[in-house]
Amino acid sequence: MINGRAHRYGDNIDTDRIIPGKYTKTLDISSLADHVMEDLDPHFKQKFRIGDILPAGDNFGCGSSREQAPIALKAAGISCIIARFYARIFFRNAINIGLPVLEVPNHEIQDGDALEIDMENGIVRNLSQGDLHQSTQLPKVMMDIVAEGGLVPYLRKYGDYHID
Amino acid sequence: MGKGMTISEKILTAHTGRETRAGDLCIVPVDGSMATDTTAPLAIKAFGEMGGVRLKDPSRFHLVIDHAAPAPNERIANLHSLMRRFANDQGCALHDIGSGICHQVMVDHRKVQPGDVFMGADSHTPTYGALGAFACGVGSTDLAAVMLTGKIWLKAPATIRILCHGKLPTHSSGKDLALEAVKALTISGATYQAVEYHGTAVEGLSLSQRMTLCNLVAEMGAKTGIVSPKGLELPYPFEATYADQDAVYARTIEIDASSLRPRIAVPDSPDNVDDIERYQGTRITYAFIGSCTNARHDDLRVAADILRGKHIAKGVRLVIAPASRQVLIDALADGTMQTLIEAGATLINSGCGPCVGSHEGVPGDEEVVVSTANRNFKGRMGNPNASIYLGSPATVAASALHGYLTNPAL
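From first to last, the protein sequence lines are chains B and H. When you line the first sequence up against my numbering, it's residues 1 to 164, in that order. When you line the second sequence up against my numbering, it's residues 1 to 410, in that order.
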């Protein structure tokens with residue numbers, strides 16, 4: 001169960017704004033967290049507490065394939081992202097690195113809402129608005145990757161992909 | 001079903017060995033894969049963490065140092081060293097600084113062929129759809145899995161058909177057509193889907209122009225983009241994969257190329273596309289001809305034809321990064337590069353250059369850039385206080401000549 005406060009962002013948040021290209025060339029994960037979202041919201045770092053939740057609109061994470069984008073958000077302590085839908089590479093990357101992401105079409109989460117998320121069943125309870133949303137179902141292979149905590153532990157365990 | 005297949009469905013069917021239709025989940029053997037200095041270090045790290053010791057097939061894996069090359073600082077220099085060591089240990093190809101932009105290098109060196117499934121750790125990997133390959137951008141960990149297993153899992157995409165009627169006017173190019181298509185589909189309009197280009201307007205296009213078309217499907221959110229191989233000319237024999245006449249498409253977009261005037265993508269999104277006439281006269285200080293979208297020999301020649309015997313406007317700098325060493329050699333051999341440099345252009349290393357904001361020409365605050373690249377998101381070129389317009393090589397050259405956004409057809 002994830003409990004946290006929502007910081008709402010809009011549509012088409014691109015990976016250049018999540019983590020600018022000038023900071024991506026590094027293996028120092030903490031340096032990524034230092035610059036996450038800085039071109040979008042200069043106050044991002046001050047606003048966010050560890051465990052807070054980032055709800056957004058359509059097409060979150062569009063643009064570059066840089067995995068540094070979900071890595072930076074995870075390193076910054078964001079507990080979960082909820083978007084109406086994601087850009088496909090970002091979505092795969094987030095699942096692969098073990099950042100909790102839910103696709104919830106038509107959610108109306110507002111800035112400051114208190115949320116409770118049941119990741120296992122994909123249920124988002126909005127404690128401030130008193131409503132409940134169900135996320136879309138992942139393909140089986142993705143659910144297996146999520147269950148292992150990412151693609152690295154999945155492949156360390158299985159050595160190869162398997163689709164029933 | 002008994003219905004016909006799209007090009008993507010045919011390529012995936014050939015690779016999985018069983019009928020693969022839009023929506024099917026499949027594990028696909030990968031013919032080739034690639035990572036750059038932005039994505040390879042994380043991929044190499046993930047490969048090791050997965051338990052990887054040897055690459056599944058070193059002959060199918062390529063490393064390219066292009067995003068910040070030569071290294072602008074010690075941090076990036078050390079990442080480049082890590083890539084060189086890995087290539088040396090594993091026996092895979094390492095395309096070092098100056099080789100060019102990963103996508104151009106893969107095509108120049110024939111590391112990707114028509115009908116291939118190719119995974120690149122760079123979002124513009126769909127560029128190879130110009131050859132008729134099924135090519136997708138992936139992140140570093142997905143790529144590490146390809147390095148380890150030689151495979152990727154995918155959901156076979158539904159396909160959007162873009163039918164381009166007529167023939168492009170003289171001063172409009174594949175870039176203008178691609179920008180018009182991005183506008184029609186929007187920045188998320190092809191998410192999870194493939195795009196297929198068809199029609200008389202694309203049949204006459206060169207490989208280079210087709211690469212521009214496929215390159216910009218990334219800006220529609222597409223999984224891949226393929227130009228129907230009708231009319232495609234390659235310097236080697238190849239087997240073309242055509243869509244069936246009765247292939248099932250998710251939707252069809254039609255564009256009349258004959259009336260397409262030069263386009264411009266206005267800050268801060270590549271789908272914010274308009275007729276350049278509406279922005280004619282907007283002052284610029286920085287013009288860039290480069291990137292995997294538009295820095296090939298024909299692009300540079302178009303710019304040289306506009307600038308021959310003239311000089312760029314006072315107060316404007318024109319930066320040129322040829323797409324690859326081969327492009328640079330060709331542009332030197334026929335005098336194109338000399339023409340551009342005499343006109344006041346600054347030549348930088350073959351590679352991504354300032355497109356991704358890491359080095360070699362970051363714009364200053366309040367500067368207005370006109371660029372042949374693919375993205376104009378805020379901060380893309382390294383400064384969130386600059387604004388970026390995207391256009392064709394002709395538009396960028398004409399704008400550099402005058403010092404303001406200029407319709408090259410005038």
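Keep in mind that a hint or two might mislead.
[Unchecked claim] Pairs of lysine-lysine, PhoX-like flavour, derived with a Cα cap of 25 Å:
1. H:Lys-378 x B:Lys-74
2. B:Lys-22 x H:Lys-45
3. B:Lys-74 x B:Lys-47
[As the list claims (entries may be wrong)] Derived coverage of chain B by chain H (criterion: at least 3 residues anywhere in the stretch with Cβ under 8 Å from a Cβ of chain H; other residues may be distant):
4. 51-57
5. 62-68
6. 101-111
7. 117-123
8. 135-144
9. 149-155
Simulated from the structure, these hints should not be mistaken for lab results. Idealized CB from N, CA, C, for every residue including glycine.
Here is how each hint holds up against the structure:
At most 25 Å may separate the alpha-carbon atoms for a hinted pair to count; H:Lys-378 and B:Lys-74 meet this at roughly 22 Å. Only pairs whose Cα atoms come within 25 Å are accepted, and B:Lys-22 paired with H:Lys-45 is accepted, the gap being roughly 20 Å. The hinted pair formed by B:Lys-74 and B:Lys-47 meets the criterion: a straight-line CA distance of about 15 Å does not exceed 25 Å. Only when three residues or more bring their CB closer than 8 Å to a CB of chain H does the claim for the stretch 51-57 of chain B stand; here the count is 0, and the claim is violated.
For the stretch 62-68 of chain B, the stated coverage by chain H is satisfied: 7 residues place a CB nearer than 8 Å to a CB of that chain, which reaches the threshold of 3. Coverage of the stretch 101-111 of chain B by chain H is violated. Counting CB-CB distances below 8 Å, 0 residues qualify, and the rule asks for three or more. Under a criterion of three residues with beta carbons nearer than 8 Å to beta carbons of chain H, the stated coverage of the stretch 117-123 of chain B fails, only 0 such residues being counted. For a cut-off of 8 Å, the count of residues in the stretch 135-144 of chain B with a CB near a CB of chain H stands at 3, and the three-residue condition holds.
Three residues within the 8 Å Cβ limit are the bar, and the stretch 149-155 of chain B against chain H gives 4, so the coverage statement holds.
Consistency note: the structure conflicts with the earlier hints numbered 4, 6, 7.
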